[in-house]
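Asks: So you can see what is in the structure, the chains are spelled out below.
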Amino acid sequence: MASTQLAAPVQPVDEFVAARDRTRAGSVLAYCRRNPQLVAGLAIVGLLLGIGLVGPLFVDVREAQPTSVMIDQPPSQEYPLGSDDQGRNLLAAMVVGIPLTLRVGFVAGSFGLGIGVVLGLLAGYRGGWIDAIIRMVVDTLMTVPALLVLIMIAASIKGFISVWIMGLIIASLAWMNPTRIVRSQVLTLRERAYVQVARLSGMSDLEIIVRELLPNMLPYLAAAFVGAVSSAVLASIGLEVLGLGPQNDPTLGMTIYWANNFNAILRGMWWWWGPPILVVVLLFVGLFLTSAGLDEIANPRKRKQA
Amino acid sequence: MQLHYLFRRLGQFLVVLWGAATLNFLLPRLAPGNPVRERLTNAMAQGGLLQEGIEDMVRAYNREFGLDQPLYVQYLSYLGHAFRLDFGYSIAQYPRRVAPMIWEALPWTIALLVSATLIAFALGTLLGALMAWPRAPRWIKWLAGPSIAVSSIPYFLLGLVLVYLLGVVFPIFPLSGGYDVGTMPGLTPRFILDALRHSLLPALSLVVVATGAWALHMRGMMVTTEGEDYTTYAEAKGLTDRRIFYHYALRNAILPQVTALALSLGHVVSGAVIVEKIFGYPGVGSLLFQAISGLDYFLIYGIVFMTVLSITFATIAIDLVYPLLDPRIAYRRT
Chain A
1 MASTQLAAPV QPVDEFVAAR DRTRAGSVLA YCRRNPQLVA GLAIVGLLLG IGLVGPLFVD
61 VREAQPTSVM IDQPPSQEYP LGSDDQGRNL LAAMVVGIPL TLRVGFVAGS FGLGIGVVLG
121 LLAGYRGGWI DAIIRMVVDT LMTVPALLVL IMIAASIKGF ISVWIMGLII ASLAWMNPTR
181 IVRSQVLTLR ERAYVQVARL SGMSDLEIIV RELLPNMLPY LAAAFVGAVS SAVLASIGLE
241 VLGLGPQNDP TLGMTIYWAN NFNAILRGMW WWWGPPILVV VLLFVGLFLT SAGLDEIANP
301 RKRKQA
Chain B
1 MQLHYLFRRL GQFLVVLWGA ATLNFLLPRL APGNPVRERL TNAMAQGGLL QEGIEDMVRA
61 YNREFGLDQP LYVQYLSYLG HAFRLDFGYS IAQYPRRVAP MIWEALPWTI ALLVSATLIA
121 FALGTLLGAL MAWPRAPRWI KWLAGPSIAV SSIPYFLLGL VLVYLLGVVF PIFPLSGGYD
181 VGTMPGLTPR FILDALRHSL LPALSLVVVA TGAWALHMRG MMVTTEGEDY TTYAEAKGLT
241 DRRIFYHYAL RNAILPQVTA LALSLGHVVS GAVIVEKIFG YPGVGSLLFQ AISGLDYFLI
301 YGIVFMTVLS ITFATIAIDL VYPLLDPRIA YRRT
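Here the protein sequences line up with chains A and B, keeping their order. Residues 1 to 306 in my numbering are what the first sequence spells out, letter by letter. Residues 1 to 334 in my numbering are what the second sequence spells out, letter by letter.
If you're looking for bench data, these hints aren't it; they were derived computationally from the structure. What you are looking at is a predicted structure, and each value in this text was computed from that prediction instead of being measured. It cannot be assumed that every hint is accurate.
[Said to hold, decoys possible] A few chain B residues facing chain A, derived, Cβ under 8 Å:
id	residue
1	Phe25
2	His81
3	Ile110
4	Ala111
5	Val114
6	Ser152
7	Leu160
8	Leu261
9	Leu263
10	Gly266
11	Ile278
12	Gly280
13	Ile292
14	Tyr301
15	Thr315
Just so it is clear, CB atoms sit at the ideal spot from N, CA and C, and this is done for glycine as well.
Sequences are here, hints too, so could you generate the full structure?
Replies: This is the structure we're talking about:
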């Protein structure tokens, strides 16, 4: 049994292995043309990251704090996005806020993915009762409205919330989806010929996981990461709009919260809540396109479904 | 087998409730500086008219939940209360109990959510099916781009924009609230019409976003079923387009949509909570916001517990109805 499998030529059965090799051999550019979603998505996210990096060179970020400029100014040459009720320069608030919101997303996404990879590998590779327990916990938690549980946690530690703590709180319920994705991938990869060859040639479990499984799951891991970041940003903005965000940081959600809190909508101060909403929508579209594009890499035959 | 599955789901249901109740119990005790006690002390220190009430309440709370007892006795008594849906008193409005406050707000939320979800689900499923249907009118295919954009907007942000456009710039709809101040709540035609008018904007923001998401999901499924042999066979047999569309392609593509519906409920409710707050709609979401701003912990924990309860319940209900839609499934999966 083993010898026949050893004798069989190792073919790149996986679609994505083939796709990866083509990309390496051919030009990246040609691939980009075939996957415009990925390019557009990454461009949007990159643009937003760029605002956070380059913005401070042009705008005084200290003006993102209250009482630094005249209050309630409509957009003008001096303050292109105007100012709010507490005297923040809203352009400065955006420049500071965009990377903060992204940071919450990346912190929660990274921790969520990290936990998901460990649990998914454990469940998928070991199987047995560990798998049964992990699967039950994941299935159960998937039906729970995450935002409400997060609200409960955040409300209980309201005074202590910072951008980092916020990311960690959200990460506590951001690992179920990555776990499911990793587990199902491990289940299919585990039986592939090359993994069995590795096992027969005496590789340890850890080596197999690190050298055989993980590299082959990269596109899936990337897609899972983007998905986790996207839902983490959604959760963070939800918490912030309810007033449960970091009180002293002008994240996008907090700016919307303050605008709503000071009735900016009724008072027609569109420059206060408009830009953060626009950026949030852009960010979500960017993340959605990125994950759709990554899905094309992982699964070229299947069309994007959700 | 089916019975076995039913028991497993019921077990899961109980585990979720137990988890939510336990979290409720542990959070204030684990959080730095026991926020509940701090809040009660603050309320007492503020004094004034409320003082007597709050002291009363602390005494009542101590008595009911046995705070002088060892921790595990407290925990057991807490679980007992939670399973009888008794969450104690509201801190901000002392003599009132939490449970009736939630019961009062619940019908508003359920009416808004159920109608918005059903409309969006039906509309989105049909739209998505047509987007993937080769013989559909052309303009429908152009909707794919906008649905991607729309479905990635959080409900509440679209809500804010709608308030501004249809409430402030073109004041067609009332800005907030669930009914006019002058109308008396009751089952009169006038009140119902008024309530409907107030719920249109919040419902619209839920429906628009959710329709986009359902349409995208459905489009993906339709592409798959259209490529199946049975669809080709139906075409070869010369069945009408209509019949192929409804009975072959759509019928089979709709199954994963229902699964997705069960999974998305939590997400929908979470979004709706914030939408309600933005529109000042008198449902559970606004109550929750009020509780958060007043640090009314018992009310917060009560609302979260009740919501978790209703969502897990609805999820199980959808799951158990699923075999009716898909006879191939008799719940033999492990």
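Asks: Please write out, lowest number first, the hints stated earlier that are contradicted by the structure.
Replies: When the structure is compared with the hints, numbers 1, 2, 3, 4, 5, 8 and 12 turn out to be violated.
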